[in-house]
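> Chains as they are written, first to last, in our numbering: chain A, 1 to 258; chain B, 259 to 570.
Read the hints as simulated data drawn from the structure, not as lab findings.
Remember, predicted model here, so these are calculated numbers, not experimental data.
It cannot be assumed that every hint is accurate.
Claimed, not checked - Calculated pairs, BS3-like style, for lysine-lysine (alpha carbon to alpha carbon, straight line, at most 25 Å):
1) Lys227/A / Lys50/A
2) Lys368/B / Lys255/A
3) Lys235/A / Lys480/B
Said to hold, decoys possible - Chain A residues, not near chain B, derived (Cβ > 12 Å throughout):
4) Thr56
5) Glu97
6) Ala194
Yeah, the Cβ is synthetic: ideal placement off N, Cα and C, and Gly gets one too.
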Amino acid sequence: MKIVVCVKRVIDYNVKIRVKPDHSDVDLTNVKMAMNPFCEIAVEEAVRLKESGVATEVVAVTIGPKAAQEQLRTALALGADRAVHIDTSAEANERIESLTVAKLLAKVVEEEQPGLVILGKQAIDTDNNQTGQMLAALAGLPQGTFASEVKISGDEGDKKLQVTREIDGGLQTIELSLPAIVTTDLRLNEPRYAKLPDIMKAKKKPMDVKSPADLCIEVASKVTLLKVESPAERKGGIKVGSVDELVDKLKNEAKVIS
Amino acid sequence: MSILVLAEHHDGQLAGATAHVVAAAQAIQQDSGGDIDILVVGENVATIAEAAAKLDGVSKVRVADNAVYAHQLAEPVGALLVELVNDYGHILAAASTTAKNIMPRVAALKDVSQISEIVAVDAADTFKRPIYAGNAIATVRSTDVLKVITVRSTGFDAVGTNGNASVETVDTVVENSQSTFIRQELAESDRPELAGAKVVISGGRGMGNGENFKLLDGIADKLGAAIGASRAAVDAGFVPNDMQVGQTGKIVAPELYIAVGISGAIQHLAGMKDSKVIVAINKDEEAPIFQVADYGLVGDLFEILPELESRL
Ligand SMILES: Cc1cc2nc3c(=O)[nH]c(=O)nc-3n(C[C@H](O)[C@H](O)[C@H](O)COP(=O)(O)OP(=O)(O)OC[C@H]3O[C@@H](n4cnc5c(N)ncnc54)[C@H](O)[C@@H]3O)c2cc1C
Ligand SMILES: Nc1ncnc2c1ncn2[C@@H]1O[C@H](COP(=O)(O)O)[C@@H](O)[C@H]1O
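The following block holds chain A by itself, in its conformation from the complex (with noise of 0.2 Å):
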């Protein structure tokens, strides 16, 4: 079973992000960049199966501009087979929002036909969190969201997919039809980090580097970034000596317990 696996370069999860004086966007300039962290689930997850032997080739996938092949290149370090880059550097807007991504990645599956497409559930920037589903809705394949267990079990031509999902009441478990569409939740898994001689060997492995045009999806939106703020600032409160002094502060000046 081939497993196709989506990756995108955000700002590294441990950067204070700064917004623009002008307030057209954050500002990215010379920001420390990295795969998202859901995705490095994704990777670790199809790597590990790929070990366990329920799949036999991994395609890791990043559309965006050249600089994403430095993920891609993680990911192949990780344990990846091959990679494909979707090169968005013409594009008018380098913003490009998850429904066109989700086209795009609907044209990866119909190319390489694989068995389970491994997502992240959510990219830190945008915290958009519906670009798995929206593929999954476009390629006409079942969905198993916030996945933070993956089994697959029957014969072959036969195969199901059970998830357990991370639900807001707790766990739910559901058995999909392959193939399918996965993203991914904090514990599914813990990533590797790449070691040096796979980083190395990294750099031979295969990278397939196609427009969007070459894939025939027109990059367009309906949606603008009007502006970006930075939200509200808290201002910093006090100490207080004591548990009595707490309480008091509580009861008789912020008056929310009685």
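Please build the complex by placing chain B with the ligands on the supplied structure of chain A, with the hints as guidance.
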């Protein structure tokens, strides 16, 4: 054009979040006019529909009650919505795991974008939403014919329950051969739901283990609080995943939030920094949580918690 709200419900009950989503729908309606309808999808949902009909500002409750919609699986509910949305200019749902699972499918199949987790309505086509874990607020305008939107409850005050909407049946039944419900393990608790609680007390890695979370119980009892946790506490297995507060967990904005043994990573702050009053209890006086806390108490939680419980 009218506005459709997808009702949020679990365990045969209409969830509180729905009243917040209707409030967002009303803000849109002020600009664009049209009716607000609620759609209740599931199996055996008649009492939920009755509760939805009482929400202020709602014209009509539409009910799709069928075994295929049990557990609100994304494939059948998404397919149903695609059939129904043609009459509407907006479709709104709570930013819950149920709706996050369903709504993007509807958007994709209608070839429109989804605007996730709005916290404010500027106009019928213009919305505010947090990005980068709430470290920036984006204002976006959509010219899509259908606007597919999820709503963050904390951004909108719930509407009242003095309404009297009509209830009608939706007969559309779709097929689903792709996904099957197997089982569910839901947390059972007599405490208020995290999302709607007036007081939340959360424990982090500093709690040390799951057993120690009992130290929060007595305080939660006295304050009528819900209990939450940081990701580190959930990952370490101290408590179940449904207690996680943060960028990728639950978003809360109670009157009072008490963070115990939590350092205050941006991903945690993203889920609670709109709380009215924040209290932090941490032994490290440099912990970033103190930068957002109205009242900080530096010290060992194992000494502070029993004392706090006895003083309340
Ligand atoms: C993609 C992504 C998504 C994430 N999403 C979330 C999310 O939704 N929610 C979330 O919470 N985190 C999230 N995180 C994790 C986040 O970055 C932090 O790692 C996490 O919040 C830390 O949890 P903590 O504060 O409990 O643990 P720590 O950072 O380890 O802090 C423990 C604190 O306890 C204090 N302490 C220890 N012992 C005592 C004692 N006896 N008395 C008093 N104080 C004590 C320490 O001083 C310390 O400040 C996410 C991370 C990533 C990468
Ligand atoms: N530009 C992209 N290239 C590849 N995968 C993407 C891209 N954008 C989003 N994804 C995938 O979709 C997931 C969810 O993203 P989002 O829906 O934008 O929050 C990510 O974790 C990725 O797996």
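> Please go over all the hints and tell whether each is borne out by the structure.
Results for each hint:
1. Under the criterion of a C-alpha separation no larger than 25 Å, the hint pairing Lys227/A with Lys50/A is inconsistent with the structure, at around 44 Å.
2. For the given pair, Lys368/B sits about 49 Å from Lys255/A by alpha-carbon distance, which is inconsistent with the 25 Å threshold.
3. This hinted pair does not check out: Lys235/A and Lys480/B have alpha carbons roughly 28 Å apart, beyond 25 Å.
4. With a minimum CB-CB distance of about 23 Å to chain B, Thr56/A clears the 12 Å threshold, and the non-interface call stands.
5. Distance check on Glu97/A: its Cβ comes as close as 6 Å (rounded) to a Cβ of chain B, failing to clear the 12 Å threshold; non-interface status is violated.
6. No Cβ of chain B approaches the Cβ of Ala194/A within 12 Å, the least distance being about 22 Å, so the stated non-interface status holds.
The structure does not agree with the numbered hints 1, 2, 3 and 5 stated previously, though it agrees with the rest.
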